[in-house]
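Here the protein sequences line up with chains C and Y, keeping their order.
Residue numbers are given in this note's numbering: position 96 of the first sequence equals residue 96, and the series is strictly consecutive.
Residue numbers are given in this note's numbering: position 311 of the second sequence equals residue 413, and the series is strictly consecutive.
It is worth saying that the hints were derived from the structure and are not from the lab.
Yeah, the Cβ is synthetic: ideal placement off N, Cα and C, and Gly gets one too.
Hints should not be assumed to be uniformly reliable.
Said to hold, decoys possible - DEER-style ranges, computed between Cβ atoms: (1) Y:Gly-511 - C:Met-1: 42 to 52 Å; (2) C:Arg-24 - Y:Leu-573: 55 to 65 Å; (3) C:Pro-97 - Y:Gly-288: 49 to 59 Å; (4) Y:Lys-175 - C:Ser-49: 37 to 47 Å; (5) Y:Arg-509 - C:Ser-49: 16 to 26 Å; (6) C:Arg-3 - Y:Ala-203: 47 to 57 Å; (7) C:Glu-99 - Y:Arg-115: 17 to 27 Å; (8) C:Arg-24 - Y:Gly-358: 39 to 49 Å; (9) C:Gly-85 - Y:Gly-359: 53 to 63 Å.
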Amino acid sequence: MFRPITDADSGASLNFSFDGRAMRGRAGDTVAAALLANGVQACRQTPVSGAPRGPYCMMGVCFECLVVIDGVGNRQGCLVPLREGMRVETQAGRRQPEEIPA
Amino acid sequence: MSIARNITDLADRYDLLVVGAGPAGLAAAARAADCGLSVLLADENPAPGGQIYRAVGTTPVTRPAVLGAEYWKGGALLTRLAQSRAVLAPSCTVWSVAPDAAVGSVEIGVSLDGRARLIEAAEVILATGAQERPFPIPGWTLPGVMTAGAAQIALKSSGLVPAGRIVLAGCGPLLYLLAGQLAAAGATIVAVLDTTPRRNWRAAIAAFPDFLRSPYLAKGLALMAKARARLPFRNGVTDLSAEGEDRVTGVRVTRGGASETIACDTLLLHQGVIPGVNLSNAIGCAHEFDEDQHCWVPQVDQWFASSVPAVAIAGDGAGIGGAESAALRGEIAALGAAQRLGRLSREQRDAQAAPIRAALARSLRGRRFLDLLYKPAARFLAPPDDATIVCRCEEVTAGQIRDTASRLGVTGPNQMKAFLRCGMGPCQGRLCGPTVVELIAQAQGLSPAEVGYYRLRPPVKPITLGELAALPQSDAAVKAVVR
């Protein structure tokens, strides 16, 4: 969970959603920063054990902030600027065969 | 300066491609453009500045004292780029750099706005900078555990600090700087757990006089002393683990033989920075192991040219020297490229470089003291606890790597990758490579230099199959796969 400091411009606000929940973010933030500011700590599950993971490096190196953005999977949330109306979802771990539509 | 926002804004060919818009890249691009080269400066982030000057042109932080005077110096580099004729491509990923000596140019794979393209450059300067050294302790994969750099990025680019109780742990200037910045921003730091090994002083003390002659570093020392006096520092930490079920709730810390758990909501880890070698390694540039900085660095000559023709490496990506030295190294690399392309004579190049070299020597003075003092303890480089995850992507543990290294006698990190999948996940070994090397070295009684490193290959950043498939194909390439 992150919070804005008092010595910062709040700036324009944008609407987006995370797993269907409506959220607001600051224009100019990345998707990963907006999620942290909204109290989202875990944004993906690992493909191996399904363990929850959240942003770790915030600079494009660790790939822990992977999310689904507007239907496109495995996006690095820390490199993508937040846009109005963005639909962000948890990057689920390994898919089982029965989950894949024929 | 012009800005390329779409893939179609890019030209087919540039004299120079600069990868990374931190201090080295900004200075290199501006200098090269001033020498008359057509320059593309590509950076995967939405705004230039790199990590040290992250968001310096766009930060929402209004009180300059929160981030400190050194940070705001980055504004001058942005202004200089803006006044140059270089093309800046933000949010642009360079995923492949392939020099072709026969053709005398370099083929560059770029991705921008969801579309990929191959362009050409006569010369390339990699200014991809550094990353934080992996800090593998039990529980470091829990949500709420982040790097110190990550918290600094959130502060610089978004004006955010962790809410609740914060613990910082590790060693090195960035950790202490961040502690001061977070405190100035009103965050709640409950402990700074310092892992600097006491015995490091013995090795570092010989380099101390040189350190004192560096005004830049002495200033840093004063800042650090101030932070230490005000913040809850605890020295001599010999063991750490992050605790919690699905997020971090505390840190188990051992010092002086006694252990305790400190409750926290966020744990920020840091034990120095190392060059990000993924791109230089994938290009095939020769690297060597720097014993003082304890990391792999690319081999470069006095113009920062790598072992591969037409590829130079400037800034912290060619060895850690800090922001000021990175910008100076960028300038020198640009002069070298301009000379190779015939825009400067050797005499002109040397004359322009002379004052920059003098400033570079000054900026690096005292660096060795920091390298030696903050060299991480062995147990934080090679985790002794078997259950500690080393490869975060594929969840490979220290025990598995140790066991495979000793019982199966693997020949190096590449065979380890084939056996255990460590380094095969999306981060491509960025977060496990140094630890895997360390564990193999320890198990087999070798030095990291003897063990070697992963052999990396493009694409160095993921691109979609759609982007790859949509690339224009040459007639020869199509015929090569037609039956």
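Hint check results:
Separation of Gly-511 of chain Y from Met-1 of chain C is about 46 Å and conforms to the stated range, judged on CB atoms against 42 to 52 Å. Checked against the hint of 55 to 65 Å, the C-beta distance between Arg-24 of chain C and Leu-573 of chain Y comes to roughly 38 Å, which is inconsistent with it. Judged by the Cβ atoms, the range 49 to 59 Å given for Pro-97 of chain C and Gly-288 of chain Y holds: they are separated by roughly 51 Å. The supplied range of 37 to 47 Å is met by Lys-175 of chain Y and Ser-49 of chain C, whose beta-carbon atoms lie about 44 Å from each other.
Remark: the range hint 16 to 26 Å for Arg-509 of chain Y to Ser-49 of chain C is upheld by a beta-carbon distance near 24 Å. Between Arg-3 of chain C and Ala-203 of chain Y the beta carbon distance is about 54 Å. The supplied range of 47 to 57 Å therefore holds. Restraint check, Glu-99 of chain C to Arg-115 of chain Y: a C-beta distance of roughly 46 Å breaks the suggested window 17 to 27 Å. The supplied range of 39 to 49 Å is met by Arg-24 of chain C and Gly-358 of chain Y, whose beta-carbon atoms lie about 47 Å from each other.
At roughly 56 Å, the beta carbons of Gly-85 of chain C and Gly-359 of chain Y sit within the given window of 53 to 63 Å.
Of the numbered hints given earlier, the model fails hints 2, 7; all others are met.
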